[in-house]
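Enquirer: Residues per chain, in single letters:
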Amino acid sequence: MLDALIQGILLGGYYAILAAGLSLMFGVVRFINLAHGDLAILGAYLVLFAVEVLGLSPWVAVAATLPIMALIGWLLQATWFARTVKGGFLLPLLTTFGLGAVLQNGMFGLFGSDTKSLGNHIGNLSWASWQLPFGISVGQLPVITFVVAVTVLGTLQLVLSFTRLGRAIRATASDPEAAELSGIDARAVHRAAAAIAVALAGLAGAFLAMRALINPYAGPAQLIFAFEAVVIGGIGSLWGTLIGGIVLGVAQSLGATVSAQGFQLAGHLVFLAVLGVRLYLAHSRNLGGWRSLLPALKPGRKPAARLQHATSEGRS
Amino acid sequence: MSSGPTTDQPMLEGSGIEKYFGAFRVLKAVDFAVAPGEAVGIVGPNGAGKTTLFGVLAGALPPSAGTVRFAGTDLTGTGAASRCRSGIARTHQVPRPFLGMSVFENTLAAARFGAGLGERAAADCAAEALERTGLMHHANRPAAALGLLDRKRLELARALATRPRVLLLDEIGGGLTEAELNLLVALIGQLKSDGLTIVWIEHILHALVRVIDRLVCMSAGAVIAQGRPEVVMADAEVRRAYLGGGVA
Numbered sequence: 001m002l003d004a005l006i007q008g009i010l011l012g013g014y015y016a017i018l019a020a021g022l023s024l025m026f027g028v029v030r031f032i033n034l035a036h037g038d039l040a041i042l043g044a045y046l047v048l049f050a051v052e053v054l055g056l057s058p059w060v061a062v063a064a065t066l067p068i069m070a071l072i073g074w075l076l077q078a079t080w081f082a083r084t085v086k087g088g089f090l091l092p093l094l095t096t097f098g099l100g101a102v103l104q105n106g107m108f109g110l111f112g113s114d115t116k117s118l119g120n121h122i123g124n125l126s127w128a129s130w131q132l133p134f135g136i137s138v139g140q141l142p143v144i145t146f147v148v149a150v151t152v153l154g155t156l157q158l159v160l161s162f163t164r165l166g167r168a169i170r171a172t173a174s175d176p177e178a179a180e181l182s183g184i185d186a187r188a189v190h191r192a193a194a195a196i197a198v199a200l201a202g203l204a205g206a207f208l209a210m211r212a213l214i215n216p217y218a219g220p221a222q223l224i225f226a227f228e229a230v231v232i233g234g235i236g237s238l239w240g241t242l243i244g245g246i247v248l249g250v251a252q253s254l255g256a257t258v259s260a261q262g263f264q265l266a267g268h269l270v271f272l273a274v275l276g277v278r279l280y281l282a283h284s285r286n287l288g289g290w291r292s293l294l295p296a297l298k299p300g301r302k303p304a305a306r307l308q309h310a311t312s313e314g315r316s
Numbered sequence: 001m002s003s004g005p006t007t008d009q010p011m012l013e014g015s016g017i018e019k020y021f022g023a024f025r026v027l028k029a030v031d032f033a034v035a036p037g038e039a040v041g042i043v044g045p046n047g048a049g050k051t052t053l054f055g056v057l058a059g060a061l062p063p064s065a066g067t068v069r070f071a072g073t074d075l076t077g078t079g080a081a082s083r084c085r086s087g088i089a090r091t092h093q094v095p096r097p098f099l100g101m102s103v104f105e106n107t108l109a110a111a112r113f114g115a116g117l118g119e120r121a122a123a124d125c126a127a128e129a130l131e132r133t134g135l136m137h138h139a140n141r142p143a144a145a146l147g148l149l150d151r152k153r154l155e156l157a158r159a160l161a162t163r164p165r166v167l168l169l170d171e172i173g174g175g176l177t178e179a180e181l182n183l184l185v186a187l188i189g190q191l192k193s194d195g196l197t198i199v200w201i202e203h204i205l206h207a208l209v210r211v212i213d214r215l216v217c218m219s220a221g222a223v224i225a226q227g228r229p230e231v232v233m234a235d236a237e238v239r240r241a242y243l244g245g246g247v248a
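Protein chains in written order, with my numbering: chain A, 1 to 316; chain B, 1 to 248.
Looking at chain A on its own, in the form it has when it is part of the complex (with noise of 0.2 Å):
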């Protein structure tokens, strides 16, 4: 049990790596890039390019890759993204969708079906483990994937908050037009947040291969489980993520002690449960949620002025 609890916490920090990414384009440029996933997995691919065919160590490889994935980012961002978004909400959602397809079928003609990993090129370290007292052992690449995820939000924090590009990006996800009036230009900011965020995949995505197999259409469900750890911490927060997978992947490995099936069952489960409380929370607030569906609970409040209320107050 408690060792179940303690692969869970761990195992979210390699959910908070992916999702990070979601949650700042989502809060920065008002994007929902469905792809994420599956930039992921072209991340965990150029590693395993770079150690394979190139010969680099892995480590090294990772390193290399992130920058890599940074242009590719950028380069989405200032050619694609931007243009999509003045589409209408739907339009991102369908590009990058078909964005995901393409990346999927990309990577099954260049690098073949079959499933791989980059565990065996890193030693002994993807099933190695440290002995903690009372008898508990921790795996050692969760523990430097913990570590890393830790290190990667504390840094965007701290660029966040006292960095000159920090304030430009939170300037732009209050207000992007405001923004412009005060001399930031936003869409280079977006340019800069999308760059951050599949940098961000590719390094979520070089440690799932450290621990996993993949394959080319591996991305989708790596793609769940970072929106279900947005969710569940709190869209555009960055310490919210962390504790969205921390939470799920503690609800995933607690699942996994029920049975096998259980891992991804109970995730979602607490998922859904979140979603649930959020939205009844919501009409709580009187921002419209699923409680108003029952009848009047608590009688003497009209819905219609609920309504009123909801519309005025927005978001807050």
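Check each hint, because a few of them may be wrong.
[What the hints assert, rightly or not] According to the in silico footprint, chain B covers these stretches of chain A (three or more CB under 8 Å from chain B):
1. 162 to 168
2. 172 to 181
[What the hints assert, rightly or not] Ranges between beta-carbon positions, derived for each pair:
3. A:Ser237 - B:Gly116: 28 to 34 Å
4. B:Gly22 - A:Leu90: 16 to 22 Å
5. B:Leu149 - A:Leu90: 54 to 60 Å
6. A:Val159 - B:Gly116: 48 to 54 Å
7. A:Ile224 - B:Gly22: 35 to 41 Å
Because the hints were derived from the structure by calculation, they are not lab data. None of the values given here were measured: they were computed from a predicted structure. Note that CB positions come from ideal geometry on N, CA and C, so glycine has one too.
Given chain A, work out where chain B should sit, using these hints.
Expert: The following block gives chain B in isolation, referenced to the frame of chain A:
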């Protein structure tokens, strides 16, 4: 053009500005110019196109036709951010602070990017803007915690922190008490005597006339009169536009 300092080259000039929203013609071949150091007021009934004109001048909206020149340079194709950096600042009628940041950071970002200053100089510039607008005691509060009046002050402070040469003010006096309005008028008067060029959209005429050199009246997307305030307000067409619009 009877009063106010004039030189041969306008500070900010829009010529033949047309703006369509779909098929609706919001601005009809508007010519508008303001001389360096001049303060111009813009009045007109709601829907006259005043704010749209600001959007075109500040670069938030591309004009359907016409050119925008700033100190002799054609800026028509440039975006709002680069116009801000070259010296055009604008405030919104409904304040739009960066809610996730402190009051100080709001002005700091403007000084860092809009004025293009280094971190140290930007901090001084941001502090000065807060001092002038009377927001210094709120400097470390989150911008989201400010009430409407202070948000309006922050809107102005942020514009000032970009070190502008032209200040476009959109109904900054609305909703203020008489005392607050007096403070605001004094501040804008001071900015004008510091050499700033000012364009001010405002319904509160008695506040406007204490600062401006020239009044422009717009109606239905066109400039219908301009000149000395008392002359413009006596104009028959202006009176019709206003009485027809039900605005006093």
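Enquirer: Decide, hint by hint, whether the structure agrees.
Expert: These are the hints, each one checked on the structure:
Requiring three or more residues with a Cβ within less than 8 Å of a Cβ of chain B, the coverage given for the region 162 to 168 of chain A holds, as 3 such residues are present. Closer than 8 Å: that is the beta-carbon criterion, and the region 172 to 181 of chain A has 8 residues meeting it against chain B, so the requirement of 3 holds. The hinted range of 28 to 34 Å is satisfied by Ser237 (chain A) and Gly116 (chain B), whose Cβ atoms lie roughly 31 Å apart. As the Cβ distance of Gly22 (chain B) to Leu90 (chain A) is approximately 21 Å, the hint placing it in 16 to 22 Å holds.
Separated by about 40 Å at the C-beta atoms, Leu149 (chain B) and Leu90 (chain A) break the suggested range of 54 to 60 Å. Distance hint for Val159 (chain A) and Gly116 (chain B): a CB-CB separation of about 21 Å, inconsistent with the stated range 48 to 54 Å. Between Ile224 (chain A) and Gly22 (chain B) the beta carbons are some 40 Å apart, a value that agrees with the proposed interval 35 to 41 Å.
Checked against the numbered hints given earlier, this structure breaks hints 5 and 6; the rest are met.
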